[in-house]
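If you're matching them up, the sequences are chains C and P in order.
Under our numbering, the residue at position 212 of the first sequence is numbered 212, and the numbers go up by one with no gaps.
Under our numbering, the residue at position 93 of the second sequence is numbered 1093, and the numbers go up by one with no gaps.
Rather than coming from a laboratory, the hints here were simulated on the basis of the structure.
Take the hints with a grain of salt, since some may be wrong.
Footprint (simulated), chain P over chain C, 3 or more residues, beta carbon under 8 angstroms [what the hints assert, rightly or not]:
1) 83-92
2) 136-142
3) 170-176
4) 183-193
5) 206-217
6) 222-228
A quick note: this is a predicted structure, and the numbers were derived from the prediction, not measured.
From the three backbone atoms N, C-alpha and C, an ideal C-beta is built for every residue, glycine too.
Here are the chains, one letter per residue:
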Amino acid sequence: MPAPEWLRIRRDKDVPAEDASLWVKCPKCSEMLYRKDLGDNAYVCMRCGHHFRMHAYDRINLLVDSDFVEIGDHITPGDPLGWVDRRPYPQKLEADREKSKLSEAIVTGFATLEGFPVALGVMDFNFRGGTMGTVVGERVTNLLEEALRRRLPCIIFTASGGARMEEGMLALMQMAKTTQAVERFMSDGNLFVTVLTDPTTGGVSASFAFESDIVIAEARASIGFAGRRVIEQTIRQKLPDNFQTAEFLLEKGHVDMVVDRRQIRDTLVRVLDYAVDRKRLAPALKAVPEFAGA
Amino acid sequence: MNVIVEREKSLSALESRIEALRERDAGSDEVKQLESKVEQLRRDMFGNLTPWERVNMARHPKRPLSSDYLAALDAFDELHGDRHFRDDPALVGGFAKLRGRRVVVLAQMKGRDTKENIRNNFGMVSPEGYRKAKRLMELASRFRLPIVTFVDTSGADPGLSSEERAQGEAIAACLVTLAKVEVPVVASIIGEGGSGGALAIGLADHVIMAENAVYSVASPEGCAAILWGDAARAPEAAERLKLTAADLEGFGIVDEIVAEPIGGAHRDGARRLLEPLAPDALREARYQKYRRIGAWHDDAATRAVSGA
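For reference, chain P alone in the conformation it holds in the complex (with noise of 0.2 angstroms):
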C-alpha cells in the first residue's frame, strides 16, 4: 500500500466532481471554488512531506520513470549487452543527445507495469548489466563524452547467479571506472536510490536529486528488519537514515535538488546538464568531492571535521 496513493484517492472523488461541472459550466463560480478547494488539500496533503512519504512518493506507481526521461531526449541509440554473458535490461545504456549535447547515458530501469518489471527484474540490476555500464563508461571516456545518468533502483539484484557472477565485483569495477574517466559525470536520482546499487552508477562530479527521490545505505524495511526485527517499522527507520534530498545535500552528497511541483514528480517532470571542465581539473575536483565526505573526530588536531 502507498500512501501517497491512498491520499490520492480522497482527492479523486473531488476532482471528478469538478470534471463533471467543468463540462455543464467551465467558468461558473461553484467550479472556481471546488479547484481552489483541491488545490488547498493538495498543498495540505503534500506540501510538506515525511521523510517515509518521499519514500512512498520515490515508488509511486506513477512516477516518471527512466523510459521517461529517456523518451524526453534528443535521440538516443541503444547499445545493448556486456559482451560477456547477456543484455541486462534493468540497466539501459547508449548514445544520446541532450539538449544538442553528445552524451552517454546509463539508466536504470524500473517497469511501468508488471509485465516491464519482470522483464527489468524490477530495475534491480545483475553484474551484467554494471558491466556493460562499464563498458560504456569507457566508451564514453574515449570519445570524450560526458556520462549522464539516471538511479532509480531499489537495489542492486540480490539474487543466487548475481552472486555466482560477482556482483560486488562488478559494482567495484565501474566505481574504479567512474573514479578514472576523464569526462565529465552528472548523475540524477530520480527516484529510488538503493544503496550500492545505486552508487555504481552515482559517483559524479555533479549529483542532481529530484526533490521526492530518496537516496540511502538500506531500504527502509531492511533498515527496520535488522534494527528491530520488524519491517512494519520502516517509516521510523525511513526518518533516521536521513535519506531525503535535503538531507543529502546538508552532508554535501547532493549538490542539487530539482524541485517537483506539489503533489510528485508524475504531475510534471525535470531534467538538466552541465559544461565540461578539462580532464585533470575534473578527476581532481571528484577526488577532493568524495575525499571530503563524512564525520569523524581528527584527536591529532582536536577538532571535528565535518561533511562539506
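Bound-form chain C, shown alone (with noise of 0.2 angstroms):
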C-alpha cells in the first residue's frame, strides 16, 4: 500500500535547522537522546519517561492504521479584528504556518484504529500556542457534525494555551460553538472521548476537552483552567509541583485515567471496544468511502 497523502506531506517536510541535528537533550533529566530512537520511542524520553510535545502528524502517525483522511483543512484564518501587537496576525499566522508546516493548530479527519472507524481530531501546540480561534472551533464542530452524520465515534487529543487572543470574543464563542455540537453529537448516543495533552487549559479546558463521556489524560501533562503565574499572583504563595499535571487531576477525580503516551493508542481501543458496538459502525464504515475497501 503506497504511503498515504498526509504521511508523504509530512515526511516531506523539512525539518527545521534547529530540530535538525541527530542528538536531542531532554529538558527533564538533560540526558542526550538519538532522535531516531526518541522517534521510535513516540518522542518519550527513554531514560526519566518525560514526554516531549507531538507534531500533529506525527501523533496521527503513531494511532491510526495508515489511513488517516484529513478534512476541515480548507477552513483557514482570516484576520477579523485586524489586530496588530508587536506583529499584525497574519504575520504571525504566516510564521506559524512555516515553523510548524500546518494551516491551523488543529489537524481532522477520519482513521480507523484496530479497524474501528473513528473522527480524529488532533491539536498542535506548535501552531499559536494551540489556542482555539474560529478556525478551530469551525474545524471541531465540522468534525462533530461529519461523525455525527456518519454516527462513528469522534476522538480528540487537546493541547492548547486557551481561546486565541488575537481573534477576541469571536474565539471565546468557539467554546459556545463546539459545546453546542458536542452536545448534539453525545445526545445522539455517539462516544466521544478526548485525550488531554500537555497543556491543556483556558477556554479549551473549559469547553470540549471536559464534555466528553471519557477524559483521558496523557502522562505528566500539564492540565488546567487558570495559568499558573495567574493563580500564583492571585494567592501569593508559590504552588506545589505536582499542581496541574495530569497525576493532579486524577487523584483530585478530574479525569477518567492517566496513560502514558505508548499505552494511549492501545487504551483507546479498549475504549472503543467496550463502548462501540462494531456492528452499529459497519455503515458508518461505508459512509466515508475512503473506507468503502477496509
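Join the two chains, each given in its own frame, into one complex according to the hints.
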C-alpha cells in the first residue's frame, strides 16, 4: 500500500534547522537522546519518561491504521479584528504555518484504529500555542457534525493555551459553538473521547476537553483552567510541583485515567471495544468512501 | 484609579455650586445657565467614550450591580448551593417573577463595598457556583421556566482551590446545559463580561448588553501583560480587543444593546425580556446562532465567510 498523502506530506517537509541535529537533549533529565530512537519511542524520553510535545501528524501516524483522511483543511483563518501587537496577526499566522507546516492549530479527519472507524482531531501546540480561534472552533464543530452524520465515535487530542486573543470575542464564542456540537453529537448516543495532552488550559479546558464521555490525560501533561502564574499571583504563594499535572487531576477525580503515551493507542482501542458496537459501525464504514474497501 | 470617577470629580464642584444656588433660588437664571453648562460638559465628557473609558464605566463603583437588578424584580426567592460542597455567594440564583412572568434567574454578584466584595470574592465564581448554576438551569428546563442571567464578573475565580475542584469542567458543564435546555435563555451583560467565566452563564438565545458594558476574551490588563509584558498598556489592549457592545453586535455575539443615560447607567437603570419559542425551534435557532459566529476562509468554496 503506498504511503497516504498526509503522511507523505509530513515526511516531505523540511526539518527546521534547529531540530535537524541528530541528538536531542531531554529538558527534564538532560539526557542526550538520539533523535531517531526518540521518534521510535513515541517521543518519550528513554531515560526519565518525559513526554515531548508532538507534532499533530506524528501523533496521527502513531495512532491510526495508516489510513487518515483529512477533512476541514480548507477552513483557514482570516483576521476579523485587524489585529496588530508586536506584529500583525496575519504575519504571526504566516510564521506559524512556516514553522509548524500546519494550516491551523488542529488537524481533523477520519481514520481507523485497529479497524474501528473514528473521527479524529489532533491539536498542535506549535501553531499559535494551540489556541482556539474561529478555525479551531469551526474544524472541531465540522468534525463532530460529520461524525454525527456517520454515527462514528469521535476522539479529540487537546493541546491548547486557551482562546486565541488575536480573534477576541469571536474566539471565546467557539467555546459555545463547539459545546453545542458536542451536545448534539453525544445526545445522539455517540461516543466522545478526549485525550488531554500537554498543555490543555483555558477555554479548551472549559469546553470540549471536559465535555466527553471519557477523559484521558496523557501522563505528566499540564492541565488546568487558569494559568499557573495567574494563580500564584492571586494566592501569593508557590504552588506544589505536581499542581495541574495529569496525576494531580487523577487524584482529585477530574479525569478517568492517566495513560503513558506509548499505551494510548491500545487504551483507546479498548475503550472503543467496550463502548462501541462494531456491528453498528459497519454502515458508518461504508459512509466514508475512503474506507469502503477497508 | 477609575478614569470615569476622576472625570466626575471635576464636575462635582460645579454640581455642588448649583445645589447651593438652588437652595436660595431654584428658578434663577444663574442656576439655569449652570445647569445647561453641566449638561454640555457631561455630553462632552461622556458622549463618545473610548473602549478603555467604557471598561472604566463597567467597573464604576456606583454602577448598577446584579443586586440592583434582583431588587427590581417583582419577586425573587433565592435557591442555594450546589448540593455537593458549598453555597457560592459570587453567583446567586433562584425563582423570580419578571413583569409577572415566572423565570429562573442567575446572577454574578460583585459587591458594593469591600465587605461585600470579600464575601462574594469580587464576583469571581468558583466551581461550586457554576455547579449551582447548572442545577438551576436544569430545574428551569424541567419546569419550563425561561432562564434570565445577569453577567458581571472580571472572570472565573483563578484560585488554587478552584483548580482542585475542576473550574474548567464546571464551566464546560454549564455550557453543555445551556446548549441543552428547552427553555428560552436571555443573558444580560450588565457590567464586565470576563471571558469564559462570563460565558458560562452567557450562552443564550438572546444576548442583551448595556451600552457601557464590556465583554472580552481576556481582561485588557491581562492582554497587555501577555502582549507587551506591561499591564499599563491596558487602554491600548482595550482598543484592540473589540470589547464594546457596538463591536459585539457587529459580530453577531450581542443581539440587543440597551442605551444608557449620558454619563453611565449608575445615573439610571434598564432591563428587558422576550417571548418563548417552541423547544425544538428554540434549540435549533440557538445552535445556528453560535454555529455562524466566527470569521474564516473556506478555501474549497473560495469565499470568505464572516460572522452574522
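How the hints compare with the structure:
1. Counting residues of the segment 83-92 of chain C whose C-beta sits closer than 8 angstroms to any C-beta of chain P gives 4, which meets the bar of three, so the coverage hint holds.
2. Coverage of the segment 136-142 of chain C by chain P holds [criterion: at least 3 residues with CB-CB distance below 8 angstroms; count 3].
3. For the segment 170-176 of chain C, the stated coverage by chain P holds: 7 residues have a C-beta nearer than 8 angstroms to a C-beta of that chain, and at least 3 were required.
4. Taking a C-beta to C-beta cut-off of 8 angstroms, the segment 183-193 of chain C contributes 3 residues in contact with chain P, enough for the three needed, and the coverage statement holds.
5. Counting residues of the segment 206-217 of chain C whose CB lies closer than 8 angstroms to any CB of chain P gives 6, so the stated coverage by that chain holds, three being the minimum.
6. For the segment 222-228 of chain C, the assignment as covered by chain P holds, since 4 residues bring a beta-carbon within under 8 angstroms of that chain's beta-carbons and 3 suffice.
Consistency with the previously given hints is maintained throughout, with no hint failing.
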